Amino acid sequence: MLAFVAFIGGVVALAVMFGYTALGVLGRYTGWFAVLSSDEIGGYALAALFFLGLPYSFRRNHFVRVGVVYSRLRPSYRAAMDVAFCILALAAVILLAYYSWQFILQSYRFHLLSIGVVQVHLWIPQVAMGVGISLFAFELFASLLRVLAFGEPLGGEEGAVV
Amino acid sequence: MGWGMEFALLFAVIAVLLVAGMWTALALVIAGLVVIYVHSGSHTLEAIGSIEWNSNTNFTLTAVPLFILMGQIIMTSGLSGDFFRAMSHWLRRVPGGLLPGSIVACSVFAATTGSSVATAAAVGSVAVPEMKEKGYNMPFAAGTLAAGGTLGILIPPSICLILYSSLENVPVTQLFAAGLIPGLLLAGMFIVYILIRGAFNSELVGERVAPVPLSVLLKGLVRIVPVVALVCFVVTAIYAGIATPTEAASLGVCGALVVSVGRLSPKKLYAACRSAVQTTTMVLGILLGAQFVSFALVNSGANRAFTDWIVAHNLGKYELLVAICVVYILLGDFVEGIGMMLITMPVLFPVAIAAGFDPVWFGIVVAVLIELGQITPPVGLNLFVIRGFDRDVLHGQIVRAALPYAGLMILLIALLAFFPGIALWLVHHTSQAQ
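Here the protein sequences come in this chain order: A and B.
Using the working numbering, the first residue of the first sequence is number 1, and each one after it goes up by one.
Using the working numbering, the first residue of the second sequence is number 1001, and each one after it goes up by one.
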């Protein structure tokens, strides 16, 4: 549920990014209005889109993996591999989450501002990163429990990125 | 630990995790973290936050989700099918017209989506049943469609080139300019190959399309022109310096909404947005992993030492190029394209630059090598996609049919090596125009 809410946040970030850049170029050529720092806002929206989209994309098996060995294994072996992968990934992602919050806390403590025309307190867009990565850790933990409880592999196939 | 050991450790961890089946993005993050920790202990791990933040707030990258959204809108609105049918009507006099028609359709849709699998799927879903009905040789047709799908990796706007640009700080406008002529040249080579094969073996190309009344032809034009115009508009806006790639992408989204008006329900629009977010997350996830690998390499000094080591061996330019091609063709057997590029770039890019290759030119060569990986087994994803539309064709048959196209891609790399102007001519002219 939380992962899905975050994902919707990602979709909203996409809409914001689209609206802001489209208005930016429209304003520049018509001269009717000026959109400030559209590049910076676009960058923050991208970060929000990515980090908030992570947990749900993972759950929906949108993370690609190499299937040379994995896809040839029996389901029970695949489940065992997934347990190992989830534990490893969880350890790494908890580390990422911990240092993300440290990084955000630093921006907050030192009142860091963005460099552009529109001065934004950096911790505000950065919170999306902390929230996204933390939810991703939860999602990994939930996946681990699911595999352990049902003994079924998470699945996911060799996919293409583009 | 010396740089050689750290270098070996990094790639050993990546290789073991990837081959075992770990998610690519996470395998890269873990390998990066291990080497950062081994080289400089836990205090350097504090850089994690800034790596995460900085690798994803890059303005160049904001074009990625917008271009994907533009392509998704066009795909979900079902324009690709009509486009292909109209194309086949117009090319009905050409023997085997559906095949060159599908290459043209692939080039155009590849340009809108920047995605090779999506293109192969969109054109293939319509083209495969149609060609089957007309008695085309199906393995040949399937191989053609699989190869045609890959054209999007080169023809701008290409997601792959945007990622290359953000990773190596090469201007994306220059890469887009450099990709156009090689991309069109490759499409042309595909078409010539099809025509030659068809001329010698009429069994390959089935029966001709029956005559079509003028009104149907004109109606078809209504389908073709807006999509082609949209692509030309987006690409020209970037080349002429009217808009940055990101702005052009957002205008492209506006254009796609206009072109598909009346075919796009709110549900379909949400589906397009959803898949844009999911695809972007996947791409940026791997990019983030690659940034960790890159940081680990720079932090341990391994990539500098490796470059010096290669340079000290006095490898000639062409020998190096052949070596890089071999590495990619081998790697392409296991790892899908974007992942392969992002894993290898931190090491290969400095080596290529030290050897005197032009960074823009090198990006184009890498893009062609990724196309090649997409149609060579066992991970040739386009092969699987196309086979999904016609289960009667054996995987091995498609592989064999796609091989000559892989050969044409290698020929293109050779042409690029001997005539770099194929890629760089337009770059010089557009940068003068700007």
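Calculated from the structure, these hints are not laboratory results.
Remember, it's a predicted structure, so these values are computed and weren't measured experimentally.
Among these hints, one or two may not hold up.
What the simulated footprint calls covered on chain B by chain A, stretch by stretch (three residues with Cβ under 8 Å from a Cβ of chain A suffice, anywhere in the stretch; the number is not a length) [unchecked claim]:
no.	region
1	1020-1026
2	1101-1108
3	1279-1286
4	1333-1346
5	1397-1404
The following residues of chain B were derived to be distant from chain A, with all beta-carbon distances above 12 Å [stated by the list, open to error]:
no.	residue
6	1045
7	1046
8	1062
9	1070
10	1170
11	1223
12	1237
13	1242
14	1248
15	1274
16	1276
17	1312
18	1392
19	1410
20	1424
If you anchor each label on the Cβ, the simulated ranges turn out as follows [unchecked claim]:
no.	chain 1	residue 1	chain 2	residue 2	range
21	A	26	B	1222	24 to 34 Å
22	A	121	B	1305	37 to 47 Å
23	A	15	B	1419	41 to 51 Å
24	B	1221	A	34	51 to 61 Å
25	B	1222	A	12	33 to 43 Å
26	B	1042	A	149	26 to 36 Å
27	B	1171	A	118	39 to 49 Å
28	B	1419	A	146	28 to 38 Å
29	A	149	B	1196	17 to 27 Å
30	A	110	B	1012	33 to 43 Å
C-beta: ideal position from N, C-alpha, C; glycine also.
For each hint, the structure was consulted:
Coverage of the region 1020-1026 of chain B by chain A holds in this model, with 7 residues showing a Cβ closer than 8 Å to a Cβ of that chain against a need of three. Chain A is given as covering the region 1101-1108 of chain B, and this is violated because 0 residues of the stretch bring a CB closer than 8 Å to a CB of that chain, at least three being needed. Counting residues of the region 1279-1286 of chain B whose CB lies closer than 8 Å to any CB of chain A gives 8, so the stated coverage by that chain holds, three being the minimum. Only residues whose beta carbon comes within less than 8 Å of a beta carbon in chain A count, and the region 1333-1346 of chain B has 6; three or more means the coverage holds.
Counting residues of the region 1397-1404 of chain B whose CB falls under 8 Å from any CB of chain A gives 0; the rule of at least 3 is not met. The non-interface label for residue 1045 of chain B is inconsistent with chain A: the shortest C-beta to C-beta separation is roughly 6 Å, within 12 Å. With a least CB separation of 6 Å from chain A, residue 1046 of chain B falls inside the 12 Å interface cut-off, contrary to its annotation. Residue 1062 of chain B, annotated as away from the interface, has a beta carbon of chain A within 12 Å; the closest lies near 4 Å.
Under the 12 Å C-beta cut-off, the non-interface status given to residue 1070 of chain B relative to chain A is violated; the minimum distance is some 10 Å. Against the 12 Å criterion, residue 1170 of chain B stays outside the reach of chain A, whose nearest CB is about 18 Å from its own CB. No Cβ of chain A approaches the Cβ of residue 1223 of chain B within 12 Å, the least distance being about 25 Å, so the stated non-interface status holds. The Cβ of residue 1237 of chain B sits about 9 Å from the closest Cβ of chain A, inside the 12 Å cut-off, so the non-interface label is violated.
The non-interface label for residue 1242 of chain B is inconsistent with chain A: the shortest C-beta to C-beta separation is roughly 8 Å, within 12 Å. With a cut of 12 Å on Cβ distances, residue 1248 of chain B falls inside the contact zone with chain A, its closest approach being about 8 Å. The Cβ of residue 1274 of chain B does not lie farther than 12 Å from every Cβ of chain A; its closest approach is about 7 Å, which violates its non-interface assignment. Here residue 1276 of chain B does not stay apart from chain A, with its beta-carbon only about 6 Å from theirs, under the 12 Å limit.
No beta-carbon of chain A comes within 12 Å of the beta-carbon of residue 1312 of chain B; the shortest separation is about 33 Å. No Cβ of chain A comes within 12 Å of the Cβ of residue 1392 of chain B; the nearest lies about 22 Å off, and the non-interface call holds. Residue 1410 of chain B, annotated as away from the interface, keeps every beta carbon of chain A farther than 12 Å; the closest lies near 21 Å. Under the 12 Å C-beta cut-off, the non-interface status given to residue 1424 of chain B relative to chain A holds; the minimum distance is some 24 Å.
Here the CB-CB span from residue 26 of chain A to residue 1222 of chain B is close to 27 Å, well matched to the stated 24 to 34 Å. The hinted range of 37 to 47 Å is satisfied by residue 121 of chain A and residue 1305 of chain B, whose Cβ atoms lie roughly 41 Å apart. As the Cβ distance of residue 15 of chain A to residue 1419 of chain B is approximately 44 Å, the hint placing it in 41 to 51 Å holds. Distance hint check for residue 1221 of chain B and residue 34 of chain A: the Cβ-Cβ separation is about 40 Å, which falls outside the suggested range of 51 to 61 Å.
At roughly 35 Å, the beta carbons of residue 1222 of chain B and residue 12 of chain A sit within the given window of 33 to 43 Å. A hinted range of 26 to 36 Å holds for the C-beta pair residue 1042 of chain B and residue 149 of chain A, which are about 34 Å apart. Range check, residue 1171 of chain B to residue 118 of chain A: Cβ separation about 25 Å, and the 39 to 49 Å hint is violated. With their beta carbons about 55 Å apart, residue 1419 of chain B and residue 146 of chain A fall outside the hinted range of 28 to 38 Å.
About 59 Å separates the C-beta atoms of residue 149 of chain A and residue 1196 of chain B, a value inconsistent with the hinted range of 17 to 27 Å. Distance hint check for residue 110 of chain A and residue 1012 of chain B: the Cβ-Cβ separation is about 39 Å, which falls inside the suggested range of 33 to 43 Å.
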